[in-house]
Amino acid sequence: MDKKIYGLMAEFDTPTELVDAARQVRDAGYKKTDAFSPFPLHEIDEALGIRRSILPFLVFGGGVVGLLAGLGLQWFTHVWEYPIIVGGRPHFSLPAFIPPAYEMTILFASFTAVFGMLFLNGLPSPYHPVFNVERFALATREKFFLIIEAKDAKYDYEETRKFMESLNPQEVFDVEE
Amino acid sequence: MEDIKEIQRKIYPPMVEGDHTFATVTDKISDVTLKKKTPFHWFIGFGIAFIIAQVLMFTILHLVTTGIGIWGNNQPVGWAFDIINFVWWIGIGHAGTLISAILLLLNQKWRTSINRFAEAMTLFAVACAGMFPLLHTGRPWLAYWMLPYPNTMGMWQNFRSPLMWDVFAVSTYATVSALFWYVGLIPDLATLRDRAKNPYFRFVYAALSWGWRGSARHWHRYEIAYLLLAGISTPLVLSVHSIVSFDFSVAQLPGWHATIFPPYFVAGAIFAGFAMVLILCIPLRHWYRMKDFITHTHLVYMGKVMLATGLIVVYGYMMEAFFGWYSGAQYEVFMIKNRIWEGPYWWSYWLLILCNGMSIQLLWFKRFRESEFWLFMISIVVSIGMWLERFVIIVTSLHRDFLPSSWAMYSPTKFDLSMFLGTLGFFFTLIYLFVRFLPIISIFEVRTLLPDANVHGHHQDFEEMVNEVEIEHIDKGKKIS
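Protein sequence lines, in the order shown, are assigned to chains R and V.
Heads up, the first sequence stops at 177 in our numbering, and the numbers go up one at a time, no gaps.
Heads up, the second sequence stops at 1481 in our numbering, and the numbers go up one at a time, no gaps.
For the record, the hints were derived by calculation from the structure and aren't laboratory data.
Note that the coordinates shown come from a computational prediction; the quantities given were computed from them, not determined experimentally.
Be aware that one or more of the hints could be misleading.
[What the hints assert, rightly or not] A short list of chain V residues far from chain R (calculated; beta carbon distances all over 10 angstroms):
1) 1021
2) 1130
3) 1141
4) 1215
5) 1216
6) 1331
[As the list claims (entries may be wrong)] Beta-carbon label-pair distances, calculated as ranges:
7) R:174 / V:1039: 54 to 60 angstroms
8) R:115 / V:1163: 29 to 35 angstroms
9) V:1150 / R:135: 53 to 59 angstroms
10) R:56 / V:1035: 37 to 43 angstroms
11) R:174 / V:1198: 40 to 46 angstroms
12) V:1035 / R:127: 24 to 30 angstroms
13) R:79 / V:1146: 39 to 45 angstroms
14) V:1312 / R:89: 29 to 35 angstroms
15) R:176 / V:1286: 43 to 49 angstroms
16) V:1139 / R:65: 32 to 38 angstroms
17) V:1023 / R:115: 31 to 37 angstroms
18) R:119 / V:1146: 44 to 50 angstroms
19) V:1451 / R:89: 47 to 53 angstroms
20) V:1035 / R:161: 36 to 42 angstroms
Where is the CB? At the ideal position from N, CA and C, for every residue including glycine.
Produce the entire structure from the sequences given, and follow the hints as far as they go.
Structure (structure tokens):
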């Protein structure tokens, strides 16, 4: 019996039960917690005390970089590297440069949104201890799970388990490392 | 009480019919990919599409070994089938992004069960569209010359040209649509991973889902990313077809040089795209028994969008003709006369008006709007009409330009036709593969539509509150009368 425990996991049937349980877990002072659901639940953010992600700022930054890169590329091409007058317009003809710069803004911002989200989420993560619980496969189908990690300062195997059982779950599992 | 429910159904038609739970929704959609035997009609449809796709392959082979002289393009009609088909395909793609992005921002819940395959349709349509300008270059292996990179020739692109804008717009559109589609797929791929029995499929789905586990923190960032992508894609989709229309409107040619082009092209794109979504989803919901998710209401809504965008397009036709006359410019007036009644292609204009202007008027009537058969038929007619629109714009404007000495007639060769037919085969081949290997409806988003998905007893959904007030109201109204 020297399995290392990653945390304790409770299974619930409905989103309402999960959110109620998450509130109690937060009120009991647990910090290293997480919930798993088959679809996004807005109420859980507040219940678990999840802070708003910095992702929007990253995406804005990505967009600005894209815009500057787009304008810079066209400036480099038409002013620096290959200055040639087309249609009597100035070398740096901004109105004509807007469409490519605009598209570059969008391209960079969307790459930042997608890969920023994956990076902040720590994905890809082919292995995670929660996958060791057999019933966890249902988290992508119909069931709702709540976990308290062993790293939590308040964590104590016996006590936390008792507390979790008081939340009225379907079952409480040991999550092996 | 029954009455109230009936009235409520009319005000807020349910987006998922039948008694579904999270589990049945998941099973019903993912079983198409995982469990059910591949239906016989799939093999027939895929086989036909695949054979037609080979027509494309042989046409391309002949094209690159011979040259674009095998097409009917000539002087002055240098932009013939290539650009007609390019604009037609890219227009079809626009409905996918409209459904996934703009309707998401507008909080239209009916987008949820059609967005997945509409986005797939976008990707495949853009793939078909991209082929035409690439092959029109005649030397597609040198297509990278369109991209700015330091080269030994010392040459750079001209960013003042709308054709260069097009390169940026279309490649960005293809990339962002692929990202949007893939991000939407990640949670569903995780579902497939957890349900797949076959270890090879399981491995592939596991790899593609990046180890998604549905953590609340992940969902939080996921939703932000998804919403931001929708916000970014909305101006993107509008800009792409505007830039496509700049290919024409920035030129000096009568019939092309019009400021109405960008909005008129965007509306036309959405019009054509919804027609294609209907063409795809009406058979799909029958063959895969998805009527619970793609309900009657969805079809009616799409019919209404088609009517609205179609009317914008008709307004565009009217304005084109009006400004041709109102401009008083000799060449503009000639172009309009030549296009509508004096020129040799007058029939294409009237066929276009019949397909795009007349046929959609049927959608004003409930009888046609609510009948699957008529919606399907009108969608096919509209697809033909939108193709004719590009034919009219391109061929009738080019074939009689400023100098009568350079006038010529245009007619496509068999290779023009086989190339277009081939892309249709290629498109449907990809659609068939998509239907077989990926969930055709976004499973996790359909779960959120179920009544079970609401968290009760706390902050209530705004719509739920509106619902309650309305039930009360209806109740009172009943008592008074």
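Here's how the hints hold up against the structure:
1. Chain R draws residue 1021 of chain V into its interface by the beta-carbon criterion, the shortest separation being 7 angstroms against a cut-off of 10 angstroms.
2. The beta carbon of residue 1130 of chain V sits about 15 angstroms from the closest Cβ of chain R, which is more than 10 angstroms, so the claim that it is off the interface holds.
3. For residue 1141 of chain V, the requirement that its beta carbon stay farther than 10 angstroms from each beta carbon of chain R is met, with the minimum near 23 angstroms.
4. Not every C-beta of chain R lies more than 10 angstroms from that of residue 1215 of chain V, the closest at about 5 angstroms, which undercuts listing it as non-interface.
5. Consistency note on residue 1216 of chain V: stated as away from chain R, yet its beta-carbon is not over 10 angstroms from all of that chain's, at 4 angstroms minimum.
6. No Cβ of chain R approaches the Cβ of residue 1331 of chain V within 10 angstroms, the least distance being about 20 angstroms, so the stated non-interface status holds.
7. For the pair residue 174 of chain R and residue 1039 of chain V, the beta carbons lie near 44 angstroms from each other, so the given range of 54 to 60 angstroms is not met.
8. Under the hint 29 to 35 angstroms, the C-beta atoms of residue 115 of chain R and residue 1163 of chain V, about 30 angstroms apart, fit the expected range.
9. Taking 53 to 59 angstroms as the suggested C-beta distance range, the pair residue 1150 of chain V and residue 135 of chain R conforms, at roughly 57 angstroms.
10. Taking the beta carbon of each, residue 56 of chain R and residue 1035 of chain V are about 40 angstroms apart, inside 37 to 43 angstroms as hinted.
11. At about 30 angstroms, the CB distance of residue 174 of chain R to residue 1198 of chain V disagrees with the hint of 40 to 46 angstroms.
12. Distance hint for residue 1035 of chain V and residue 127 of chain R: a CB-CB separation of about 27 angstroms, consistent with the stated range 24 to 30 angstroms.
13. Checked against the hint of 39 to 45 angstroms, the pair residue 79 of chain R and residue 1146 of chain V fails, with Cβ atoms roughly 21 angstroms apart.
14. A beta carbon spacing of about 33 angstroms between residue 1312 of chain V and residue 89 of chain R agrees with the range 29 to 35 angstroms that was offered as a hint.
15. The given range of 43 to 49 angstroms is respected by residue 176 of chain R and residue 1286 of chain V, whose C-beta atoms sit roughly 47 angstroms from each other.
16. Between residue 1139 of chain V and residue 65 of chain R the beta carbon distance is about 34 angstroms. The supplied range of 32 to 38 angstroms therefore holds.
17. Checked against the given bound of 31 to 37 angstroms, the beta carbons of residue 1023 of chain V and residue 115 of chain R, roughly 33 angstroms apart, stay inside it.
18. In this structure the hint that residue 119 of chain R and residue 1146 of chain V lie 44 to 50 angstroms apart at CB is violated, the actual value being about 31 angstroms.
19. Separation of residue 1451 of chain V from residue 89 of chain R is about 60 angstroms and departs from the stated range, judged on CB atoms against 47 to 53 angstroms.
20. For residue 1035 of chain V and residue 161 of chain R, the Cβ-Cβ distance of about 37 angstroms falls inside the hinted range of 36 to 42 angstroms, so the restraint holds.
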